[in-house]
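Using the sequences and the hints, build the whole thing.
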Amino acid sequence: MFATLLKQIGTLIISLLGLTVLTFILSLQSDTPVHTYQSNSVFIQYFEYLQFLLDGNWGTSSIHKRSVLKDFLQHFPATIELILLAMVLAVTAGLGLGIVASTRRGGWLDNTLMTSSLIGYSMPIFWWGMLLVLLFSLTLGWTPVAGRIDFAYDIEPYTRFMLIDTLLHHNQYGFSAFLNALHHLVLPAITLSTIPMAIVARMTRSSLLAVLKSEYIRTARSKGISNQRIIWVHALRNALQPILTISGVQISIIMSGVIITEYIFAWPGIGKWLLEAVSRRDFASIQGGVLALSIIVIAFNLALDFISIYLNPRLRRPS
Amino acid sequence: MIKKSNENNDLMINSSLYRDLSRRARLLISLAALACCSCAPSDNEKADDAKDLLVYCSEGSPDGFNPQLVTSGTSYDATANIIYNQLVTYKPGTTEIAPSLAKSWHISDDGLRYTFNLRDDITFHGSQIFTPSRSMNADDVIFSFNRQRLSSHPYHGISGGRYPYFTAQSMGQLIKDIRKTGEHQVEFILTRPESPFLSILATPFASILSAEYAQQLNRLHRPEWIDSKPIGTGPFRFERYEPDAYIRYKRFDNYFNQSKRVKNLVFAITPDAAMRFARFSAGECDVMSYPLPVHLRVAQKNDLKVVQTPGLNVAYWAFNTEKPPFHDAKVRRALTMAIDREAILQTVYDRQATLATNPIPPSSWAYNKNIQKVTYSKRRATELLAEAGYANGFSIDIWAMPIQRAYNPNARKMAEMIQQDLADINVDARIITYEWGTFLSRLAQGLHHSVLLGWNADNADPNNFFSPLLSCNSAISGNNYAKWCNNQFDDLILKGRTSAAQSDRTEYYLKAQEVFKREAPWLTIAHANNSVLIQPEISGLTVSPIGNINFEGVTIHEGKSKPAETKERQ
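Residue numbers (the numbering used here), protein chains in the order written: chain V, 1 to 319; chain H, 1 to 570.
Check each hint, because a few of them may be wrong.
Unchecked claim - Once the Cα atoms are required to be at most 20 angstroms apart in a straight line, the calculated EDC-like pairs of lysine to aspartate or glutamate come out as:
(1) H:Lys229 x V:Glu156
(2) V:Lys65 x H:Asp63
(3) V:Lys65 x H:Asp340
(4) V:Lys70 x H:Glu242
(5) H:Lys51 x V:Glu276
(6) H:Lys517 x H:Asp491
(7) V:Lys65 x H:Glu507
(8) V:Lys70 x V:Glu215
(9) H:Lys250 x V:Glu156
(10) H:Lys51 x V:Asp305
(11) V:Lys65 x H:Glu242
(12) V:Lys70 x H:Glu224
(13) H:Lys330 x H:Asp340
(14) H:Lys263 x V:Glu156
(15) H:Lys103 x H:Asp121
(16) H:Lys260 x H:Glu519
(17) H:Lys250 x H:Glu552
(18) H:Lys250 x H:Asp52
(19) H:Lys250 x H:Asp272
(20) V:Lys70 x H:Asp227
(21) V:Lys70 x H:Asp63
(22) H:Lys229 x V:Asp154
(23) H:Lys180 x H:Asp120
(24) H:Lys263 x V:Asp154
(25) H:Lys373 x H:Asp397
(26) H:Lys369 x H:Glu242
(27) H:Lys250 x V:Asp154
These aren't lab readings, by the way, just hints derived from the structure by calculation.
Okay, here's the thing in structure tokens:
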């Protein structure tokens, strides 16, 4: 197990170094230098660049004259909030739909659910988001068009997680601010969760169907255990392993999805910040943002690997 | 029926904050709220405060909160008329100079000394780190200008030490000295007479900052906060800025002009015009900035309120007079005749603009009404080209700006229309566009044949058009993209700038416009209207011809109740 962990950490370090090389090359190409290097040698400059990163000096935005790292950390909680809700939605709804479809295999419900998930999977996210805004916000008036909360609530950003901050303002607004913030989250989270939800649903269905065919389920059936118990207790636990893996892989899909979703809903997170940096040619922000997002994706995948290793003893031996 | 009990009232006000919810959504939320209402006491006063709120959907994030350091209209809107005041201002919606922090002023006969008598009842805003101990006085005025003027000033180098507008207007060379002649009196001594000086002092860069606040920040060793945690004298005080999301202001109750104002003002930063319109349509904002022509059409169809004022701006097609064939005035005149500007007005501006005859708009006091409009005639254009020796035509480039501006909503479309018109007179035009920064730097190098651009004045003096756009000096290193240097014209606008009497100035400028028309360095295209969309309950909002939006005096009618509240109170 120790060797496997070591290998994973080695992979992480190589990925991170590769990433910093790429962003370093990008920084050399920009008209406005992000950092001032002492040396003329590009090789030594790269090490200076690494030193800057480790010191927390990620450059200064050429437009706003603010620290890139500070900007990133300011926008990050909004993105995390959105991603977490979208993930919860995707996993719970995806699992539920997948289970229902697998138990009704071949029936009209199965066909309908799988066709819908295929549509959900293939729908371009910007189009889907705009359709939802048009229907639920502009036509029906059920959801807000944009933003994180109604401006009637004056919420001091203590943690920058709106749901937490509104609860910290409980004395002032009761729970109505929290509910309002939740209300603002609904549509962006649905938009962002649609593709992962479809993937989880399809994966759950096929994984469950495969498990349900296995010998031990047949044995359980022969013992007269109820269908409900077979699915929820015996089959699902084993079917979860590939679902967990596929959910982890989706972090990069979610990350690219969140950029578009934030733009559609004027959600003040990393995605909107990065897109605006691109439109303003703010190289320091682009470079810092891309680096930070990539580190998060790599770290998330690594964490998931560790969880899988912990759950599945067979993975502990390096191949 | 209005419920009387306090507890019910609390609940009702809380729910009244909740706008635009469907019955079903409200039902769900009410159920959830009911489940926890026992632990949710609220403060009536705060909730009422929150209701007195104006949301302005603005087009972008400000570059900073000190108008001395920035130049964009977006930054000016968020600072100059909200947080700060200048010595003089424009009467709302006009270009007429009016007193502001200075109650009166006197100009010496030689035009070299401007003495301002300051009001003695002006208070600066307070914040958690600053409580003003005195009213505004001459020291604050001197601090505000000397910071920009003197490189030896302790605050000069703070936040980069660049003062773009101050430098662009050559204020450093113009102002010889600023003296305190009394506790509430200050004198500006100029190196030469400069008639537009008062207009220039009404520009955002001339906002008055607090010298006492600067001292306080020095004590805290955080001088840079003067630019990021602004303290001014304006109608609203800055409360919070969430980058790219919103700016929150609170009404300043000790403001010297006790005009009606809302208690809370929020700039909801929404750069995408379609998104701004969606938010406006859904009632999430009360005022929408920079609507596109299509939004104005929809708004007019749906009886939404549009506040519109003819803009102090001009859109033009400049010919690079340093390059053949544009060095020949005959060719330039021929090309101006070949373009169907009425069609451009219809297609590009959706009629939200007027046809431009002169480089300055008709609202300016120096406008020459006697200049003949260019008549659209392809036949005459072809004849003129033949006379100039170009009977077989030629090829040119048209540079179209890549971004949308109030004076030109779609330069690319405009370029395409011009291209078609030119093809009819045997002129082959190629359209060129670069990213905005590259576009401007290449223009400055004079790499273009011709360019579609425009200008939005930042003060109401006609010199603000002539000198920066058409003088010989600006042809070398300025915004004169026609690279046009005409000695007669230059002489006239210099006289216009340095004469004291407005009648003399008018005479010079009228003549200058005649020279401009004869020489045709540009085809003047349009003066676009400045517009904002407002909800029907809003009143008192003015948009100045310069394009600034002013929230002083804006009120929300009593009738403005959010849907939930109306229902509850019935």
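To see whether the hints hold, each was checked on the structure:
The straight-line distance between the Cα atoms of H:Lys229 and V:Glu156 is roughly 16 angstroms, inside the 20 angstroms bound, and the hint therefore holds. Between V:Lys65 and H:Asp63, the direct Cα distance comes to roughly 9 angstroms. Compliance with the 20 angstroms bound is thereby established for this hinted pair. At roughly 45 angstroms between alpha-carbon atoms, V:Lys65 and H:Asp340 are farther apart than 20 angstroms, so this suggested pair is violated. Simply put, V:Lys70 and H:Glu242 have alpha-carbon atoms about 12 angstroms apart, close enough for the 20 angstroms limit, and the pair holds.
With a C-alpha separation of about 32 angstroms, the suggested pairing of H:Lys51 with V:Glu276 is violated against the 20 angstroms cut-off. Simply put, H:Lys517 and H:Asp491 have alpha-carbon atoms about 16 angstroms apart, close enough for the 20 angstroms limit, and the pair holds. With a CA separation close to 46 angstroms, the supplied pair V:Lys65 and H:Glu507 exceeds the 20 angstroms bound. Distance hint between V:Lys70 and V:Glu215 is unfulfilled; the C-alpha atoms sit about 56 angstroms from each other, more than 20 angstroms.
Note on H:Lys250 and V:Glu156: the hinted pairing holds, with a Cα-Cα distance of about 14 angstroms set against a maximum of 20 angstroms. Annotation: proposed proximity of H:Lys51 to V:Asp305 is violated, straight-line Cα distance about 50 angstroms (limit 20 angstroms). At most 20 angstroms may separate the alpha-carbon atoms for a hinted pair to count; V:Lys65 and H:Glu242 meet this at roughly 15 angstroms. Pair hint V:Lys70 plus H:Glu224 holds up; C-alpha atoms about 17 angstroms apart against a cutoff of 20 angstroms.
A threshold of 20 angstroms between alpha carbons decides the hint, and for H:Lys330 with H:Asp340 the separation of about 18 angstroms falls inside it, so the pair holds. For the proposed pair H:Lys263 and V:Glu156, the alpha carbon gap of about 17 angstroms is at most 20 angstroms, so the pair holds. Between H:Lys103 and H:Asp121 the alpha-carbon distance is near 11 angstroms, which keeps this suggested pair within the 20 angstroms criterion. With a C-alpha separation of about 50 angstroms, the suggested pairing of H:Lys260 with H:Glu519 is violated against the 20 angstroms cut-off.
For the suggested pair H:Lys250 and H:Glu552, the alpha carbons sit about 12 angstroms apart, so the restraint of at most 20 angstroms is met. Of the supplied pair hints, the one linking H:Lys250 and H:Asp52 holds, its CA atoms being roughly 10 angstroms apart against a limit of 20 angstroms. For the given pair, H:Lys250 sits about 26 angstroms from H:Asp272 by alpha-carbon distance, which is inconsistent with the 20 angstroms threshold. For the suggested pair V:Lys70 and H:Asp227, the alpha carbons sit about 18 angstroms apart, so the restraint of at most 20 angstroms is met.
Using a Cα cut-off of 20 angstroms, the hinted pair V:Lys70 and H:Asp63 holds, with the two alpha carbons roughly 16 angstroms apart. As the CA atoms of H:Lys229 and V:Asp154 are separated by approximately 18 angstroms, the hinted pair is consistent with the 20 angstroms bound. At roughly 14 angstroms between alpha-carbon atoms, H:Lys180 and H:Asp120 fall within 20 angstroms of each other, so this suggested pair holds. Between H:Lys263 and V:Asp154 the CA atoms are separated by roughly 12 angstroms; this keeps the pair inside 20 angstroms, and the hint holds.
A distance of roughly 25 angstroms separates the Cα atoms of H:Lys373 and H:Asp397; the hinted pair therefore is violated under the 20 angstroms criterion. Under the criterion of a C-alpha separation no larger than 20 angstroms, the hint pairing H:Lys369 with H:Glu242 is inconsistent with the structure, at around 48 angstroms. Distance check on the hinted pair: H:Lys250 and V:Asp154 sit about 11 angstroms apart at the alpha-carbon level, within 20 angstroms; holds.
The structure fails hints 3, 5, 7, 8, 10, 16, 19, 25, 26 (numbered hints given earlier, in ascending order).
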